[in-house]
Amino acid sequence: MATHELRRPFKRPAISDQQRRREISLQRQAQNRRDAQHQARCLASTILTLQPAQYEPAEPDLQLQSETELIPELEIESQEHRRDLRDIDDVRQASRLKGVEARQWFAKQLMLPEWMIDVPERLNTDWYVFARPAGKRCFVVSSNGTTISRLRNGSMLHRFPSALPSGARTSKSSHSGQSYCILDCIFHEPDQTYYVIDMVCWAGMSLYECTTEFRFFWLNSKLVETGACDAPSSYHKFRFSTVPIYNCDQEGLNAAYTGPVPYVKDGLLFCNKHAHYQSGNTPLILVWKDENCSQYVIDTDSKGQVPNKQQVVLELLFDGKLATSDDPPVIFGCLNEDFIQEDCRLGIFSDLLLVMED
Amino acid sequence: MGPHYTTIHDEETTWTVQYAIIPRFSQAPLLDNLDPKEKDTMEVTQVLLSAQAIDSTVRKHAEDTLKQFQEQNLPGYLLSLSGELASEEKPVESRKLAGLILKNALDAKEQHRKYELVQRWLSLDVAVKSQIKACLLQTLSSPVPDARSTASQVIAKVAGIELPQKQWPELIGSLLSNIHQVPPHVKQATLETLGYLCEEVVPEVVEQDHVNKILTAVVQGMNANEGNNEVRLSATRALYNALSFAQANFSNDMERDYIMRVVCEATLSPEVKIRQAAFECLVSIGSTYYEKLAPYIQDIFNITSKAVKEDEEPVALQAIEFWSSICDEEIDILEEYGGEFTADSDVPCYYFIKQALPALVPMLLETLLKQEEDQDQDEGAWNLAMAGGTCLGLVARTVGDDIVPLVMPFIEENITKPDWRQREAATYAFGSILEGPSPDKLTPIVNVALNFMLTALTNDPSSHVKDTTAWTLGRIFEFLHGSTVETPIITPANCQQIITVLLQSMKDVPNVAEKACGALYFLAQGYEDLGSSSALTPYFQEIVQSLLNVTHREDAGESRLRTAAYETLNEVVRCSTEETARLVLELVQVIMAELHKTLEAQNLSSDEREKQNELQGLLCGCLQVIIQKLGASDTTKYAFMHYGDQIMNLFIRVFACRSATVHEEAMLAIGAFAYATGPNFAKYMPDFYKYLEMGLQNFEEYQVCAVTVGVVGDICRALEDKILPYCDGIMTQLLKDLSSNQLHRSVKPPIFSSFGDIALAIGENFEKYLMYAMPMLQSAAELSAHTSGADDEMIEYTNLLRNGILEAYSGIFQGFKNSPKTQLLIPYAPHILQFLDSIYMEKDMDDVVMKTAIGVLGDLADTLGSNAGSLIQQSLSSKDFLNECLSSDDHLIKESAEWARLAISRAISV
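As you go down the protein sequences, you meet chains A and B in turn.
Number 275 in UniProt numbering belongs to position 275 of the first sequence; there are no gaps in the numbering.
Number 892 in UniProt numbering belongs to position 892 of the second sequence; there are no gaps in the numbering.
Calculated from the structure, these hints are not laboratory results.
Hints are not guaranteed to be accurate.
List of simulated lysine-lysine pairs, DSS-like, C-alpha gap at most 27 Å [unchecked claim]:
| id | chain 1 | residue 1 | chain 2 | residue 2 |
| --- | --- | --- | --- | --- |
| 1 | A | 237 | B | 67 |
| 2 | B | 67 | B | 109 |
| 3 | A | 222 | B | 67 |
FRET-style restraints, in silico, Cβ to Cβ [unchecked claim]:
| id | chain 1 | residue 1 | chain 2 | residue 2 | range |
| --- | --- | --- | --- | --- | --- |
| 4 | A | 16 | B | 485 | 20 to 26 Å |
| 5 | B | 493 | A | 16 | 52 to 58 Å |
| 6 | A | 16 | B | 894 | 45 to 51 Å |
| 7 | A | 19 | B | 687 | 35 to 41 Å |
| 8 | B | 898 | A | 16 | 38 to 44 Å |
| 9 | A | 159 | B | 589 | 25 to 31 Å |
| 10 | A | 19 | B | 493 | 24 to 30 Å |
| 11 | A | 16 | B | 725 | 53 to 59 Å |
| 12 | B | 652 | A | 19 | 24 to 30 Å |
Cβ-to-Cβ under 8 Å is the rule here; a few derived chain A residues that face chain B [claimed, not checked]:
| id | residue |
| --- | --- |
| 13 | 11 |
| 14 | 21 |
| 15 | 22 |
| 16 | 26 |
| 17 | 29 |
All values reported here derive from a predicted model rather than from experimental measurement.
Beta carbons are placed, not taken as given, at the ideal position from N, Cα and C, and that holds for glycine.
Produce the complete structure using the sequences and hints provided.
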């Protein structure tokens, strides 16, 4: 017979601290798991899966892989090339990538403008214009209590605390990985400021499939709220700033072209209001440069003199074309195939930079 | 009968001894020994007696002989034992032990072993079993009470195995025919057997006709005109177990009236044991048949209040327990419905407590004055005052504000009386009603009382009063202090005094000091969510120092004082702010030094070793809390990481001491440490790995295993693909754990989740584990898809299991995403979608499962893309389930559903 044991807690708390420690641990682990899972999904559904169709033509990729078997030296490159699609399924991983992997990954995520060679239709109604700050184009990723900026080539520019959501470990900021951000920025050396030119994800919300109009609206309303535009402090190492954006009417064009800005200008950027953020080159973003709005039209030496010979560094693409590293690249010419094949033995292959003199 | 010298114990209390001497299965020929020779039985008697000899060598020899006999010929062994039990010529000692060994051969506490024993019994030859059962039934008629009682327990064990298999159908009939036999001792033994039987088997395996007959026999046996007290007692105890069979009978007014009348009459029996057993029945009826109680509640109140006032303590305790269990019922009902009742509510609240309040409260208050002198020192004490105060606390939670005016006069009248009993009772009454009534009602009273309490804690001459006062202060802080309370009880004006008094009290006798630590615990907790500054900041150093002093007291081992001090230290650290981060960092060094000290001690006695283990557990627990605190902010984490190597080294050394509790605490701490350390944790893996593996192997102490499984997840997230070299070992161990029957079931869901963690960390490298993990997930999924007929507890577990399985799928899909190996997952997709569909159809998943499940649908679509497009479109989940989740109020479910919708639209658009 089970005699009724009446052992209710007497003058004792209902749970022991040990039980609490266990429960707190379990809660933390569950939260971390959710964060990891969420990040894996988010980046995937925004950045990664959108790009292959538009950025990776299937054929050259296959070609590259088949070459792998023939030329052992290529293996590292191509493996990493394949791996990057899998590995980078969350922001934290992406932010830790180094070298080639990072370059390939980050370069693919940025939306790249084409040169403005004619005037698009409905320029005055459907387009924005702004003066592009001179500096280092980069992605700024805030996640998990830290902020990392990465240049186009994938190398880390800064790792720092910021007032962006999840950008620093402070008591007031949420540590939930669900509130990470990805901003498209230009780091402007003279005033040590990140000028935000586009917003890709904000507080865990993807803006990929939103129009430029909405992204700019969101950027202008949200960035200031966080205190990211405030002067640097111990939990906020660099100032962020928006840039003045104008409609492409005459007044707006004039303001962007000649108006004073706190930064050094590097051309004008034109953005179609209805465009979604998309990786790679797009005709929906256009860039214009002339000597009035950019200092990077002609090379000067360290003393500011124009040298006799203009040097240009061109990138050898895998199809033999030579391109500038401009943003966007300009195709200058093409090496003939014999030359490439011969020099393959010398170790020349794609992604090589060649110095050409005129 | 004198003391018994035997190492063979009742299986239900301890099985370790027996475990060693029972082999798994016997291969002995079955029929050779059906008719045991005279010589054998002679020997058995002697061996059984020797097994209880004072001389341990004789005992040991006898045990070995029994073991040999069993190994050589199990059927013969069991037959001899049952023959021994049945034989009236044998001494009672050998008969009893024979019965006990038989019982142990049928059941064990530990699940795996129990299963083995059940299978072993079922596989015995039918003729052998029939003969044993005949012996057992025959023993019920024995004039020797011990033989009868032992036999009835063994019969119940056999019934527990056989009735669910639809075997032994004649058992209940033949027991019932015994009832009509004249000798009362046969009747008594039969009723006792029916009671045990009801305890062993679930109601479903007994047909309603038999249930009715059993209840009739039992209730008749309880009846006042049953002249034999032994019969009446056995019947009353049998009813206690049979109540869960009586659903149908309690729905019938006449039958229920009759049962209730007989139970109430039994509470008035002249025999104290019968009264106690009858009240136990009432307690059980109170919780099992709450909704049928209304017509009887007035009578029950009269009976119980008479018992509380006049009867012997064991009876009075049960009478109080009746009201406690009614409180439990009403608290549950009120919580579930939030006070909103309609005629359609499943179980209505009858507000019995509210109605009984004016009479119930004075009755309970009276019990508070019946304290025992040493109750605060005696861990196991349970008396009228304690039961009464506990019940008063439950009443307060049930009725809220209404209790306050009924208790206040008692407090006011007694709190200043010279007799410590009166002051203590008044304080205890006050402490008991602090949970339940609204802060609006209590705050004005507490504001007045607080000062009085602080003075009493300092000056009262009685340590009983101080003990209860400190506890009451803790309750005040627990329920009326914190960021959610509108009018603060603690103000800048009284904060310092409160802390001074509590710290002073921590130097008092151990039981008072322990309660003072407890009060400080809740005081600190109230400042938990206050952000950047806490009123405790100025006192932080002083508080920490006082708590450390308590841990060093010579008598800190009494009244669990040392534990309380460390637990309070933990809470003080948890609730501290950035202002005191530097001091917490200093505390790291202190705790590390303490832990180091425990490792220096050598040549410890087993008692000292146990103390060392306990202390190491407390210190590791404290470090865990500190790591979690300092790891949460970049600046403090950076400073803390200077100690990383030293701390990890200490943990490793603690592991080397090997003890379950320490192991667990150090493991918990390492989880927090790995999370704070991130990828740099890789450098500790070579040293740590073997303990990780040990933890995963420790399925006997399932808490240790569960905690270690959690740490696997932490390490996966910290190391990501750097965990790869250790994955073979970890996966092997996790798979072994899952296949073990001995592993506590609560560990299985987290193991599945950890598959997901591993897959997410190592990506397509998980490939080689797919062939093992997927079938396990699949069969677990099949088991957990349907819950029909399960009780709430089982449904809750099933949902945990589903969540673990789904988290595994999620992690695996996300891990393989964008890998050329995703096609390896395609064969599993149909099953997974089917699983999602079937749990959707089952309509019993909780919100957590719903969120994970719809997420898996998205992960599957995301990773498999167009490969699974048509499969997804055919699934119910992608339509009805998805739509249901999209319109969920739970934003986590909605968010997952949005993600799934996006992933599906991509998968089917390609």
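Check the hint pairing residue 222 of chain A with residue 67 of chain B against an upper bound of 27 Å on the C-alpha distance. violated, 78 Å
Are residue 159 of chain A and residue 589 of chain B spaced within 25 to 31 Å by their CB atoms?
holds, 29 Å
(Q) Restraint: residue 21 of chain A near chain B, CB-CB cut 8 Å. Satisfied or not? (A) Interface hint status for residue 21 of chain A: holds (6 Å vs cutoff 8 Å).
Q: Mind checking the hinted window 52 to 58 Å against the Cβ distance between residue 493 of chain B and residue 16 of chain A?
A: violated, 34 Å
Supplied distance hint 53 to 59 Å, evaluated on CB atoms of residue 16 of chain A and residue 725 of chain B
Given about 37 Å between the Cβ atoms, the range is violated.
- Query: Can the hint on residue 29 of chain A be confirmed by a CB-to-CB distance to chain B that is less than 8 Å?
  - Reply: holds, 5 Å
Could one say that the CB atoms of residue 19 of chain A and residue 493 of chain B fall in the range 24 to 30 Å?
-> Given about 35 Å between the Cβ atoms, the range is violated.
Is the interface hint satisfied for residue 26 of chain A? The criterion is a beta-carbon contact with chain B at less than 8 Å. Holds - the Cβ of residue 26 of chain A comes within 8 Å of chain B, reaching about 7 Å at its closest.
Quick check: does the Cβ-Cβ distance between residue 16 of chain A and residue 485 of chain B fall within 20 to 26 Å? holds, 25 Å
Please work out if residue 67 of chain B and residue 109 of chain B have their alpha carbons no farther apart than 27 Å.
Holds, at roughly 20 Å.
If I claimed the Cβ atoms of residue 898 of chain B and residue 16 of chain A lie 38 to 44 Å apart, would that claim hold in this structure? holds, 40 Å
Quick one: are residue 652 of chain B and residue 19 of chain A within 24 to 30 Å, going by C-beta? Holds: the Cβ-Cβ distance is about 26 Å, inside 24 to 30 Å.
In this structure, the earlier hints numbered 1, 3, 5, 6, 7, 10 and 11 are contradicted, and the remaining ones agree with it.
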